[in-house]
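J.: Under numbering that gives the first Met the number 0, the sequence shown has 103 at position 104, and the numbering climbs by one with no breaks.
Keep in mind that the hints are not guaranteed to be accurate.
[To be verified] In silico lysine-lysine, BS3-like type, Cα no more than 27 Å apart, as pairs:
1) 106 with 69
2) 75 with 110
3) 111 with 15
4) 75 with 43
5) 79 with 106
6) 43 with 89
7) 79 with 111
8) 69 with 31
9) 110 with 69
10) 69 with 79
11) 31 with 111
12) 69 with 111
13) 75 with 31
14) 134 with 69
15) 89 with 110
16) 79 with 89
17) 111 with 75
18) 15 with 73
19) 31 with 110
20) 134 with 25
21) 106 with 31
22) 89 with 73
23) 73 with 43
24) 15 with 106
Note that these hints are calculated values from the structure, not bench results.
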Amino acid sequence: MDSLHMTDELVAFFSKELADIRLQTKDENVLKAPTIYDGYVPEKKNTKRYEEDTEQDDYPFVIVRYLHEKDDLKGKNVMKFRILVGTYSKDERQGWRENLHVMNHIKFALKKAGFVGPGALTGEIELALFEEQLKPLWRGIMEVDFATPAVQWDRSEAGDAFNY
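Turn these sequences into a full structure, and let the hints steer you where they fit.
T.: Here you go:
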């Protein structure tokens with residue numbers, strides 16, 4: 000199991016698990032499920048310097064970001080992922096609740112499943128809201144670890160390349 004495959008598995012898992020959630024957008028008449036991204040939110044195309052800020056158009060979102068892994072070379076491999084959650088709410092006092100709702104939904108789905116693809120949930124699930132919020136944009140962060148099968152290289156296919 001490599002880290003790219005595990006990232007794709009998490010994106011697919013969150014897309015399925017969050018498909019029925021409806022969250023506020025900057026258009027008060029539109030509710031939608033969060034968009035799930037791998038790595039980073041895509042760069043905007045055709046934005047001009049003096050146009051209205053379009054960052055709010057990305058909300059709500061969930062970003063799956065690979066952080067690092069530890070491979071002990073004997074079969075144990077642990078990957079750490081950061082999950083960034085962005086929601087939109089004009090409610091300056093209670094807007095944080097939607098963000099925490101999404102993170103709790105993710106946490107409960109992960110705990111219930113126990114596995115995502117071949118990755119077994121391990122360690123702790125950490126959740127935090129950012130102390131400074133750019134209201135009406137609300138952000139939170141999660142970190143999760145997955146034990147995955149270690150990638151094994153079949154040296155028999157390498158032929159004489161490694162015979163010294």
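J.: With reference to the structure, classify each hint as holding or not holding.
T.: Comparing the hints with the structure gives:
{"no.": "1", "hint": "106 with 69", "in the structure": "23 Å, holds"}
{"no.": "2", "hint": "75 with 110", "in the structure": "21 Å, holds"}
{"no.": "3", "hint": "111 with 15", "in the structure": "14 Å, holds"}
{"no.": "4", "hint": "75 with 43", "in the structure": "39 Å, violated"}
{"no.": "5", "hint": "79 with 106", "in the structure": "15 Å, holds"}
{"no.": "6", "hint": "43 with 89", "in the structure": "23 Å, holds"}
{"no.": "7", "hint": "79 with 111", "in the structure": "19 Å, holds"}
{"no.": "8", "hint": "69 with 31", "in the structure": "37 Å, violated"}
{"no.": "9", "hint": "110 with 69", "in the structure": "22 Å, holds"}
{"no.": "10", "hint": "69 with 79", "in the structure": "9 Å, holds"}
{"no.": "11", "hint": "31 with 111", "in the structure": "24 Å, holds"}
{"no.": "12", "hint": "69 with 111", "in the structure": "25 Å, holds"}
{"no.": "13", "hint": "75 with 31", "in the structure": "39 Å, violated"}
{"no.": "14", "hint": "134 with 69", "in the structure": "37 Å, violated"}
{"no.": "15", "hint": "89 with 110", "in the structure": "31 Å, violated"}
{"no.": "16", "hint": "79 with 89", "in the structure": "33 Å, violated"}
{"no.": "17", "hint": "111 with 75", "in the structure": "23 Å, holds"}
{"no.": "18", "hint": "15 with 73", "in the structure": "33 Å, violated"}
{"no.": "19", "hint": "31 with 110", "in the structure": "24 Å, holds"}
{"no.": "20", "hint": "134 with 25", "in the structure": "12 Å, holds"}
{"no.": "21", "hint": "106 with 31", "in the structure": "20 Å, holds"}
{"no.": "22", "hint": "89 with 73", "in the structure": "51 Å, violated"}
{"no.": "23", "hint": "73 with 43", "in the structure": "43 Å, violated"}
{"no.": "24", "hint": "15 with 106", "in the structure": "14 Å, holds"}
Violated hints, in rising order: 4, 8, 13, 14, 15, 16, 18, 22, 23; the structure is consistent with all others.
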